[in-house]
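Start from chain U and add chains H and D according to the hints.
Listed below, chain by chain, are the residues.
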Amino acid sequence: MQTLLDLWAAHSSTVAFAMVNALMALSTYAVLSTGVLSFTTVVFAAVGGFLSAQLVAKLGMPLAIAFPLAAVGGGLAAAMVAGAFLKLETHWMALASLALVLITRVVALNAPVLTGGVNGLVIPRRVSLGELTVVLVLVALVFYRLSRSWYGLAARAVREDPAVASTMGISPYRVQFIAFLISGVVGGLAGAALAFTLQFISPETYFIGIAFTMIASTVLGGSFHWFGSIIGAAIFTALPVAMQAVVPAFEDVAKGIALLVIMIFLPRGLIDPRAAGLRRAARARIAAESNNA
Amino acid sequence: MQLFLEQTINGVALGSLYALFGIGFGLVFATLGILNAAHGTYASWAAIVAYYALDWYGAPFPVAAAAGVIAGGTIAVVVDQIAFQPLRNRGTGLLGALITSIAFWIILDSLAGQATEHQALAFPATSYPTRMLELGAMRVPIMQVIVITSLVVCATGIYLLIQKTLVGAAMRAVGWNSVAAALGGVNSRIVILLTAFLAGATSGLAGVLAGVTTSNVSFTLGEGLMLKGFAAVVVGGFEDVRGTAVAGIMLGVIEVSAAQYLSTSFRDGITYTLLLLFLMLRPRGLFGSTNFLRA
Amino acid sequence: MRDSRTILAVQGVVKLFGGIAAVDGLTTEVRQGSVHGLIGPNGAGKTTMINLITGLFHPSEGAIHFDGKSLEAKAPQDIAALGIARTYQNVRLFSGMTALEQVMTGCYLSRGTSLFASFLGTPAARRRWSESEERARGLLRRVGLTERDGALAETLSYGEQRRIEIARALGSSPKLLLLDEPTAGMNHAEATEIGRLVHELRDGGLTVLMVEHNMGLVTEFCDDCTVMNFGRLLARGNPQSCIADPAVQEAYFGRKQDADRIQALR
Chain U
0 MQTLLDLWAA HSSTVAFAMV NALMALSTYA VLSTGVLSFT TVVFAAVGGF LSAQLVAKLG
60 MPLAIAFPLA AVGGGLAAAM VAGAFLKLET HWMALASLAL VLITRVVALN APVLTGGVNG
120 LVIPRRVSLG ELTVVLVLVA LVFYRLSRSW YGLAARAVRE DPAVASTMGI SPYRVQFIAF
180 LISGVVGGLA GAALAFTLQF ISPETYFIGI AFTMIASTVL GGSFHWFGSI IGAAIFTALP
240 VAMQAVVPAF EDVAKGIALL VIMIFLPRGL IDPRAAGLRR AARARIAAES NNA
Chain H
0 MQLFLEQTIN GVALGSLYAL FGIGFGLVFA TLGILNAAHG TYASWAAIVA YYALDWYGAP
60 FPVAAAAGVI AGGTIAVVVD QIAFQPLRNR GTGLLGALIT SIAFWIILDS LAGQATEHQA
120 LAFPATSYPT RMLELGAMRV PIMQVIVITS LVVCATGIYL LIQKTLVGAA MRAVGWNSVA
180 AALGGVNSRI VILLTAFLAG ATSGLAGVLA GVTTSNVSFT LGEGLMLKGF AAVVVGGFED
240 VRGTAVAGIM LGVIEVSAAQ YLSTSFRDGI TYTLLLLFLM LRPRGLFGST NFLRA
Chain D
0 MRDSRTILAV QGVVKLFGGI AAVDGLTTEV RQGSVHGLIG PNGAGKTTMI NLITGLFHPS
60 EGAIHFDGKS LEAKAPQDIA ALGIARTYQN VRLFSGMTAL EQVMTGCYLS RGTSLFASFL
120 GTPAARRRWS ESEERARGLL RRVGLTERDG ALAETLSYGE QRRIEIARAL GSSPKLLLLD
180 EPTAGMNHAE ATEIGRLVHE LRDGGLTVLM VEHNMGLVTE FCDDCTVMNF GRLLARGNPQ
240 SCIADPAVQE AYFGRKQDAD RIQALR
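Respectively, the protein sequence lines represent chains U, H and D.
At position 107 of the first sequence the residue is numbered 106 (numbering that gives the first Met the number 0), and the sequence of numbers has no breaks.
At position 252 of the second sequence the residue is numbered 251 (numbering that gives the first Met the number 0), and the sequence of numbers has no breaks.
At position 196 of the third sequence the residue is numbered 195 (numbering that gives the first Met the number 0), and the sequence of numbers has no breaks.
Chain U on its own, in the form it takes in the complex (with noise of 0.2 Å):
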């Protein structure tokens, strides 16, 4: 018992920031679930961490107050994204939501009232283990109950073929307008678990290298269910933590090989529900046949 404890103990901050990865990784998993490759959620992340860190900071908030405010925010920032670019092609929607997280950063840098500036703001409180579960638990239960909601049946639809999706009453523009609002808000409440994680934010924190290995971790955990997103996210930050053991230097070029591998041979993720299905076809096909002979 004592040896799991001590493991807990020495392993506890990794599980904590894989629970902030996974919370990215789902906040885009809400987009890319309707055919949107956004890297927004960086830029949500941030209104959520700083406004959450500020609040604290300068009004004292608690952290059950915190970090509804947090998700608020994202989930504004998140309406006036998708109002801006949902118009654009997909193609061009990346692009610019790249462009958007750049700009943010510049923003972040030249408001050193809000963010601390080149600076950054040191946050004194840390979220324990356990309200990151619970947040945890939370989003990935409204991530289980949308799967199984006629949003849920919508989403795929959209993203599979969102012209034939719209000849069956769908809009798109509509179920991708209520995705954007989940990616604010799961991003804003991410940003704000990250903030009293790090216990130190700054603009540089909610920049590409956050933004690429989200989306890195969505895909790698198989982005056409949201389960993969938590695995993703577990593993692509559980791996470098491993490999520190075995080969220190080498736990980033790990992530990037491991993800080199799951794209090349399983393109579509880990978790991947037509993969079962295609099996299951297999074995009945398999089964005819032996019953034919």
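Just so you know, these hints were derived from the structure itself, not from any lab.
This list has only true hints and no planted wrong ones.
In silico SDA-like cross-links for lysine to any residue, where the CA-CA straight-line distance does not exceed 20 Å:
{"#": "1", "chain 1": "U", "residue 1": "Lys86", "chain 2": "H", "residue 2": "Met279"}
{"#": "2", "chain 1": "D", "residue 1": "Lys255", "chain 2": "D", "residue 2": "Pro40"}
{"#": "3", "chain 1": "D", "residue 1": "Lys73", "chain 2": "U", "residue 2": "Leu85"}
{"#": "4", "chain 1": "U", "residue 1": "Lys86", "chain 2": "H", "residue 2": "Thr272"}
{"#": "5", "chain 1": "D", "residue 1": "Lys174", "chain 2": "D", "residue 2": "Ala80"}
{"#": "6", "chain 1": "U", "residue 1": "Lys86", "chain 2": "D", "residue 2": "Gln76"}
{"#": "7", "chain 1": "U", "residue 1": "Lys57", "chain 2": "U", "residue 2": "Phe199"}
{"#": "8", "chain 1": "D", "residue 1": "Lys68", "chain 2": "D", "residue 2": "Phe56"}
{"#": "9", "chain 1": "U", "residue 1": "Lys86", "chain 2": "D", "residue 2": "Ala72"}
{"#": "10", "chain 1": "D", "residue 1": "Lys73", "chain 2": "U", "residue 2": "Pro161"}
{"#": "11", "chain 1": "D", "residue 1": "Lys255", "chain 2": "D", "residue 2": "Ser240"}
{"#": "12", "chain 1": "U", "residue 1": "Lys86", "chain 2": "D", "residue 2": "Leu55"}
{"#": "13", "chain 1": "U", "residue 1": "Lys86", "chain 2": "H", "residue 2": "Arg281"}
{"#": "14", "chain 1": "H", "residue 1": "Lys163", "chain 2": "H", "residue 2": "Leu193"}
{"#": "15", "chain 1": "U", "residue 1": "Lys86", "chain 2": "D", "residue 2": "Phe56"}
{"#": "16", "chain 1": "U", "residue 1": "Lys86", "chain 2": "H", "residue 2": "Leu273"}
{"#": "17", "chain 1": "U", "residue 1": "Lys86", "chain 2": "D", "residue 2": "Ala74"}
{"#": "18", "chain 1": "H", "residue 1": "Lys163", "chain 2": "H", "residue 2": "Asn186"}
{"#": "19", "chain 1": "D", "residue 1": "Lys73", "chain 2": "D", "residue 2": "Leu108"}
{"#": "20", "chain 1": "D", "residue 1": "Lys73", "chain 2": "U", "residue 2": "Ala162"}
{"#": "21", "chain 1": "D", "residue 1": "Lys73", "chain 2": "D", "residue 2": "Leu55"}
{"#": "22", "chain 1": "D", "residue 1": "Lys174", "chain 2": "D", "residue 2": "Arg195"}
{"#": "23", "chain 1": "D", "residue 1": "Lys73", "chain 2": "D", "residue 2": "Gly11"}
{"#": "24", "chain 1": "U", "residue 1": "Lys57", "chain 2": "U", "residue 2": "Val71"}
{"#": "25", "chain 1": "U", "residue 1": "Lys86", "chain 2": "H", "residue 2": "Arg283"}
Leaving out everything else, chains H and D in the frame of chain U:
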């Protein structure tokens, strides 16, 4: 007046770096249809190879630079074949290629950090030309002249290659529809390899020159170039090398002029805002054509 | 007595792609409660016309009215909400979905509950979902599919996929069903089955507009037809008179004098 002219030349030189990188990046996007997140690392690595060629072997500057350029091209080919070729065979789209390029960005960036031991290395002052050219009343560092000349030569050369030669026609054909191109007798494989090498070499050249002129050979070199080069490609127009060149110079001049009045990050903000505005309002850029269709 | 009210009116519709007129001034009407064949050689503009009706494209000139309402500048989802559903020439089912899920997406318009309530999982929403599921299963039986509900649609045979697509289109209880070459690639028995299903649907009050190549099927199953060529109207009316029309004969079989000339060369 003299100061103004010298500042303008500074801007043009800086912009030439952006343009040079952008040409390489744009080649991959326009002809191969790939948004390559790893492209910046080619520039970083080219600078690193050039640095070590100088440091370990005492190679003269042109040789070291050439080594860097070749390294950039080679890495680009390797990445293309390992990361993108399997995807091509499968017909995967933009997202797949992007994620795979992110994988390589992680790998190459991390390795670059180790190669430089996470420091910013500087080319020793004796290793590259440092004379000042006297042009009328102005004094211009000869490196700036080299940078600007490189851009002009490369931009012209690549433009002529793409527009006026059979190889260039093959590149455009493959970029548009590689199956049709193959049916027409184009060896897609070779064309792709050639395009990748050229793109990597051009951006590698930008990396080497940037490393010299900014005294900063590190794994962050590529990222800076990439963002500005990417902006140059979008603002100038994806298809046309000349557009990238003009836009890159324009961005460099704007940046240097703005430096008088604004902080560094604000200057960057201007570039990124222009980038965003063009993406939203005029994706084809200043010089691109309206039938630009990347599936 | 069949209702002779017009449910779909196409007036002078032109669709230009660059310099090419895929549809070049087509005027025709579809009677409510009829099976109407849209026929013509390849490239005549039939699928473009279907795309114009469903709102994927908009006419360069002319107007389309459905159920008395203009379809001008309406988005596809709004046109679908008016009661128009379609299938596709090359089956376009959603990848990764089972047969049941495909038909369920078709039931989106008739889901009877808000997206939010469905997300919350309120008892009323759950009831509506079960009802939609039952309807979806019923539609799969109707098109002749049993024991396929849980199978990934993309693993099923071509004929089964076509039928799933029809079931999906019926999910929204449409007033007008557009079928784009529903019997392509089928043998005679299967095609007859489809024709029989179409008649059943018509007898239940649905109007069906079907793009069809097979003249035999057209004469067997269509009440009216519109013949197109090069984007223009060649003939309208009941199938027999259309086929007998000399312009239609020429479009399909060539001019008699050319045939005679070729014969004379032998």
